[in-house]
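Visitor: This is what each chain is made of:
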Amino acid sequence: MTAAEVIATVHGSPLTDLPENLYIPPEALRVILEETFEGPMDLLLYLIRRRNLDIMAVSIAQVTEQYLDYISLMEGMKIELAAEYLLMAALLAEIKSRLLLPRPASCEAEEEDPRAELVRRLKEYEKMKRAASALDGLPRMGRDSFPACPDLDLPPRPKVLPQITVEELAAAFRKALTRAERIKSHPVAREALSVRERMSRILDRLGEGDVVAFENLFELREGRAGVVVTFLALLELCKEGLVEVLQAGPLMPLRIQAR
Amino acid sequence: MTLKQIVEALLLASPEPLELRQLVSLLEEEGPSREELETILQELASDYRGRVLELIRVAGGWRFQLRREMAPWVGRLFPEKVGRYSRALLETLAIIAYRQPVTRGDIEAIRGVAVSSHIMRTLQDREWVKIVGHKEVPGRPALYATTENFLNDFNLQSLSQLPPVSVEEDEKTEEQRETEAVRATA
Amino acid sequence: MTLKQIVEALLLASPEPLELRQLVSLLEEEGPSREELETILQELASDYRGRVLELIRVAGGWRFQLRREMAPWVGRLFPEKVGRYSRALLETLAIIAYRQPVTRGDIEAIRGVAVSSHIMRTLQDREWVKIVGHKEVPGRPALYATTENFLNDFNLQSLSQLPPVSVEEDEKTEEQRETEAVRATA
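Protein chains in written order, with numbering that gives the first Met the number 0: chain S, 0 to 258; chain R, 0 to 185; chain U, 0 to 185.
Heads up, some of the hints might be wrong.
One-sided excerpt, in silico: chain U residues whose CB lies under 8 Å from chain R [unchecked claim]:
#, residue
1, Ala12
2, Ser32
3, Arg33
4, Leu36
5, Val73
6, Gln160
Under the rule of at most 25 Å between Cα atoms (straight-line distance), these lysine to any residue pairs were calculated in the SDA-like manner [to be verified]:
#, chain 1, residue 1, chain 2, residue 2
7, S, Lys174, R, Gln99
8, U, Lys134, U, Thr146
9, R, Lys134, R, Arg120
10, R, Lys3, U, Lys134
11, S, Lys158, R, Gln123
12, S, Lys122, U, Leu19
13, R, Lys3, R, Arg66
14, S, Lys126, U, Arg50
15, S, Lys158, S, Lys174
16, S, Lys95, S, Arg50
17, S, Lys122, U, Arg50
18, U, Lys129, S, Ile163
19, S, Lys174, R, Pro162
20, U, Lys129, U, Leu76
21, R, Lys80, U, Gln99
Calculated directly from the structure, the hints in this document are not laboratory data. Everything numeric in this text was worked out from a predicted model, so none of it was measured. All C-beta atoms, glycine included, are put in the ideal place defined by N, C-alpha and C.
For reference, chain S alone in the conformation it holds in the complex (with noise of 0.2 Å):
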């Protein structure tokens, strides 16, 4: 902006500088960029069809100075911009370079109009905004039309509760025990229980050659385990020869003793 500019008529006399005291907030210019444009390409296509002109036949030069002259503008007053603002600005600047120089007459051939790409992104886009507002023109349901919405009265039916098989229930109790089995804690490692171990115990009770009952060779706080250990244990004894079982009659009470 010039200072040679008339920005308003103040009392009869032209104002040329904006009064010191006056103050834009910057936030307010980056409101009317982000709220009343939807990025680079719209702004762009405002800055051509501002002046009515076809985009084919604008002047990419004159829109290029506008839009880097917005730009600037919002920079000097430290307006932070979207990225892709700065993109845009950037690539105008890169084709108004390239028209700029000046080229051999033997590349112009191939060489592509640098303005071209730009021009069918700007066609796309433009196309693409007036998709939007002809979908926004249709009828809607729920803006322009709504769905009939009566009560249906149906009676109440039984509710229909899910039902399982026994497979699956076998299923899920394999299922649970394999888990059980991996989540479980084994702190206390089962006390191991062998069988030679066991003959040595059992010969060692029975060395002062005491006759000692059968069930008392078998303590039930070891469990199951220990007692089928404790009665091989008995087994291997017996079939080595180091220790006998006395029976007085049938169903009379087993006894042990040493050899």
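Here the structure of chain S is known, so what remains is to put chains R and U in place on it, guided by the hints.
Guide: Relative to the frame of chain S, chains R and U by itself:
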């Protein structure tokens, strides 16, 4: 648009019954009197009498309703969705079936997580599970078991018909290890 | 009940448009032919013409809806719903509708700005847009397209009914030039 058409449209589109005073406030701009609206509602109700849709007066106001006679066909639009039971429920039931009688604590010990009261209630509502006694330990927790209804629903004559669930791998291994140990010493 | 009354009731009760084949399967017991149903639908549509409710055909099938002219009043029932959508959302929807299937990158290339995730989510929540696949390029970006619900909500029977976006003069010329070239070589 006539006022009658507008009232008709409002009643057709409203998902809830509309009371006279709601119609008055929706049509504030048009400003009909209560009497006018009352007449219109009576007229509409008689216009629709005997048709597929009927205008009826319910507790909440006026409402268009599909005639009850249409229910057998309309019901077909909303086939019933049969839900599925959660894995948690299935496992809880399985543990009760295979290990009964069990306390909630027993079930939790196997599953490793707390048993939700919701699941226990569902199982009891379904009459698959019932409380058969209390364990004689502190707190006297309830002991759960399956019911006769459970057997009927699962086509079982007795619990012994439950499919056998194989002993776990590692338990087997342990037994085998013991047997092998005995053999080795022999 | 006549078959026509049953069809009328089904259409009035259904929350979604009903296609002819859906009606055939709902009325399997009654066993009307497709032709019979087609005739009934045409009759119903003409019976209702000019009334507050109308029977129309959209992509998903046949649907009763309140006439568009009633919107100013009916809209008062749903003050929160009669929302306006932002230009950004409409442009995004337009690009997906007219250029589908497209990636977010495609949309961004046309609009020149990043596509907000909020807009994409809104479009998907509204069931106007869905992911139909992935483009076989690095990163395999999602490809978006419009749904049947989009067509239903915009009163369209197919995408070909989307309002045409006028082709610019010079593009036409280019096409014509091509056509002419083809003719010339033929």
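Visitor: Just pull the numbers of the violated hints for me, sorted ascending.
Guide: Hints 2, 3, 4, 6, 10, 12, 14, 15, 17, 18, 20 and 21 are the ones this structure does not satisfy, whereas the remaining hints hold.
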